[in-house]
Amino acid sequence: MNTAAMPFLVRFRNIGVLAVLLCLVVGAAALTPQHTFIGEANLKTLVALGSEFGIIALAVGVLMIAGEFDLSVGSVLALCAFVFAYAYPLVGSPFVAMLLAIVCGVAVGLIHGLLVVRARIVSFIATLGGMMTWRGLTQILSGGQMRNVAFDEHPLFVELFTGRVGGVVPAQFIWFVLFAAILYLVLNRGKFGNWIFATGDNAQAARAMAVDTDLVKVVCFVLVGFSVAFAAVLQTTRSTAFSTHMATGWELQAVAAAVVGGTSLRGGRGSMIGIFLGALVIIVMDNMVSQLRLAYEWTYVAFGLVILGAVLLDLMIEKRIQRAAVC
Amino acid sequence: MSASLSESPELLKMVGIHKYFGRVHALRGVDFSVKRGEVVGLCGDNGAGKSTLIKVASGYHCADAGQIFFEGREVKMNSPRDARALGIETVYQEQALCPHLSIARNIFLGREPTNSLGLIDRQTMNTDSMQALANLGLHLRSPDALVSALSGGQRQGVAIARAIHFQAKLVILDEPTIALSVKEVREVLDFVRHLRDKGVAAIFITHTLHHVFSVADRIVVIAHGTTLVDMPTRDTTVDDLSDIIARGTLGD
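Here the protein sequences come in this chain order: W and L. Quick note on numbering: our numbering labels position 218 of the first sequence as 218, and the sequence is numbered without any gaps. Plus 327 on top of the position in the second sequence (first one is 1) and you've got our numbering.
Hints are not guaranteed to be accurate.
Calculated cross-link-like contacts (lysine-lysine; reagent style DSBU-like; alpha-carbon spacing at most 35 Å) [as the list claims (entries may be wrong)]:
no.: 1; chain 1: W; residue 1: 319; chain 2: L; residue 2: 496
no.: 2; chain 1: L; residue 1: 362; chain 2: L; residue 2: 496
no.: 3; chain 1: L; residue 1: 382; chain 2: L; residue 2: 340
no.: 4; chain 1: L; residue 1: 382; chain 2: W; residue 2: 191
no.: 5; chain 1: W; residue 1: 191; chain 2: L; residue 2: 525
no.: 6; chain 1: W; residue 1: 191; chain 2: W; residue 2: 319
no.: 7; chain 1: W; residue 1: 319; chain 2: L; residue 2: 510
no.: 8; chain 1: L; residue 1: 340; chain 2: L; residue 2: 496
no.: 9; chain 1: L; residue 1: 362; chain 2: L; residue 2: 382
no.: 10; chain 1: L; residue 1: 525; chain 2: L; residue 2: 340
no.: 11; chain 1: L; residue 1: 525; chain 2: L; residue 2: 382
no.: 12; chain 1: L; residue 1: 496; chain 2: W; residue 2: 191
no.: 13; chain 1: L; residue 1: 510; chain 2: L; residue 2: 382
no.: 14; chain 1: L; residue 1: 403; chain 2: L; residue 2: 362
no.: 15; chain 1: L; residue 1: 525; chain 2: L; residue 2: 496
Keep in mind that the hints were calculated from the coordinates and are not lab data.
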């Protein structure tokens, strides 16, 4: 019997994602006209925008390991950005405005979590409702208008969230890596991480061992809300503007990143390293399509194929595990 | 009085247990007991009330009437947590484990040891898991192997090892041999013998009399919500008992 089957496949899985990522990067660098993909201007946007997305994808991945979905992250980002952009002139401090945006994101996460564990609405549907509600609400509250926000008087804030470490590495990327490192520790070395895996794998067994699976799920929804609010602040600060169309389509891209990174759609399986790499794959693909000057619609086709491929691979791995168990 | 009670040979003693579900009188004054270190086989046809009785003993159901004594003291159990605090662990088949978690993570689920930084102490978790399995006579290659890679018998072993590692005095095994191959059944029966050798009592619930006959010290048969048979295993035979269970009465 091959008891080592699964750890090997997990490792293999992450190496596979890494290989895909490297191929994409090399391909993009070679194929884009005048190699604009590796041009400084593009890399700047790529890493900054990508990190904002990546922070959200990490949290969505953790929620998926707990066995739930969040399809509302793009809309919640717009709502949190609205709170941040409108509160800032009122309170005067971007830090206080940021805190309010985070309170908003956490509250939305809490609402989603309670809809799932208390009202027993399937998370897919609960957050699909959220996706429409929060975007609509943001449009009503803002009158559909863009709003510019200037942070010139607060260089510390700007430096902290959009600056460059050592003049090269964008601060957003440092935050992205920091989020990934903390979540890695929580998932792999924390008690709570073990409960997240158990909740997604077999909630009944977890409850029998006195794990409060409802609490685990609500905390994961709140984590998503927190990450979305954080990304909303990063994006508003970088672009110095709020618009109702911010982060449109990110909900499915975040799920795609997690799936590409080896997270099971049925919960209970996934890794932080995999999700991190999966997020990078999605970021590079998204950027590549625009740099190749393809029509934007092609990103949808590309993402669709990538998700299908990842799920097929996942099914194959699952079958291998089953077979390893039999012999 | 209390001194003599605490020395009572009975680990678990249930007296006159009644349980209603709406108008269904599922348990009609059942008496049931388990001595220290004893393996009791609990049999009965479907719907006889044996699983209801077990759910009362493991804290999932509250009895509507009757008394429960554990180690000579009367106890009230309102949740599985209460039962576990007393030292009663229930092992449900299959659904008891998380297939994609490692053996060690399953054994310590909900009770993970942590170091001073609040991180899981993997060293302790791994060595203790292997030790707990070895105590059952189960030698697996690695505590990091996933439960999904184990055979059905080995999974039962992991679930039982978890129960005794946390100082269970009484382990309730709910149909532990159902859906297992002949070889795996033999493994599980060996685990139960190891349990008895360690002085841990067990209630072994099964439909298959041959399995329970080879390990149980005493057999209890429940029918129509009452105790029909309660006798030492050596005083009866598989044929006699299967006859009684099928008819649901003692008389002819």
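Each hint, compared with the structure:
Straight-line distance between C-alpha atoms of residue 319 of chain W and residue 496 of chain L comes to about 39 Å, which puts the hinted pair past the 35 Å bound. With a C-alpha separation of about 11 Å, the suggested pairing of residue 362 of chain L with residue 496 of chain L holds against the 35 Å cut-off. For the hint linking residue 382 of chain L to residue 340 of chain L, the alpha-carbon distance of about 15 Å falls within 35 Å, and the restraint holds. Of the pairs offered as hints, the one joining residue 382 of chain L and residue 191 of chain W holds, with about 29 Å between alpha carbons and a cut-off of 35 Å not exceeded.
Between residue 191 of chain W and residue 525 of chain L, the direct Cα distance comes to roughly 30 Å. Compliance with the 35 Å bound is thereby established for this hinted pair. Pair hint residue 191 of chain W plus residue 319 of chain W holds up; C-alpha atoms about 29 Å apart against a cutoff of 35 Å. For a cut-off of 35 Å, the pair hint linking residue 319 of chain W to residue 510 of chain L stands: about 24 Å separates their Cα positions. Restraint check: the Cα-Cα separation between residue 340 of chain L and residue 496 of chain L comes to about 14 Å, which is no more than 35 Å; the hinted pair holds.
A hinted pair counts as satisfied when its Cα atoms are at most 35 Å apart, and residue 362 of chain L with residue 382 of chain L qualifies at roughly 19 Å. The suggested pairing of residue 525 of chain L with residue 340 of chain L holds, with an alpha-carbon distance near 21 Å, which does not exceed 35 Å. Restraint check for residue 525 of chain L and residue 382 of chain L: the C-alpha separation of about 25 Å stays at or below 35 Å, so the hint holds. With a C-alpha separation of about 26 Å, the suggested pair residue 496 of chain L and residue 191 of chain W falls inside the 35 Å cut-off, and the hint holds.
About 29 Å separates the Cα atoms of residue 510 of chain L and residue 382 of chain L, which keeps this hinted pair within 35 Å; it holds. Under the criterion of a C-alpha separation no larger than 35 Å, the hint pairing residue 403 of chain L with residue 362 of chain L is consistent with the structure, at around 19 Å. Between residue 525 of chain L and residue 496 of chain L, the direct Cα distance comes to roughly 10 Å. Compliance with the 35 Å bound is thereby established for this hinted pair.
Comparing the model with each earlier hint shows a violation of hint 1 alone; every other hint is respected.
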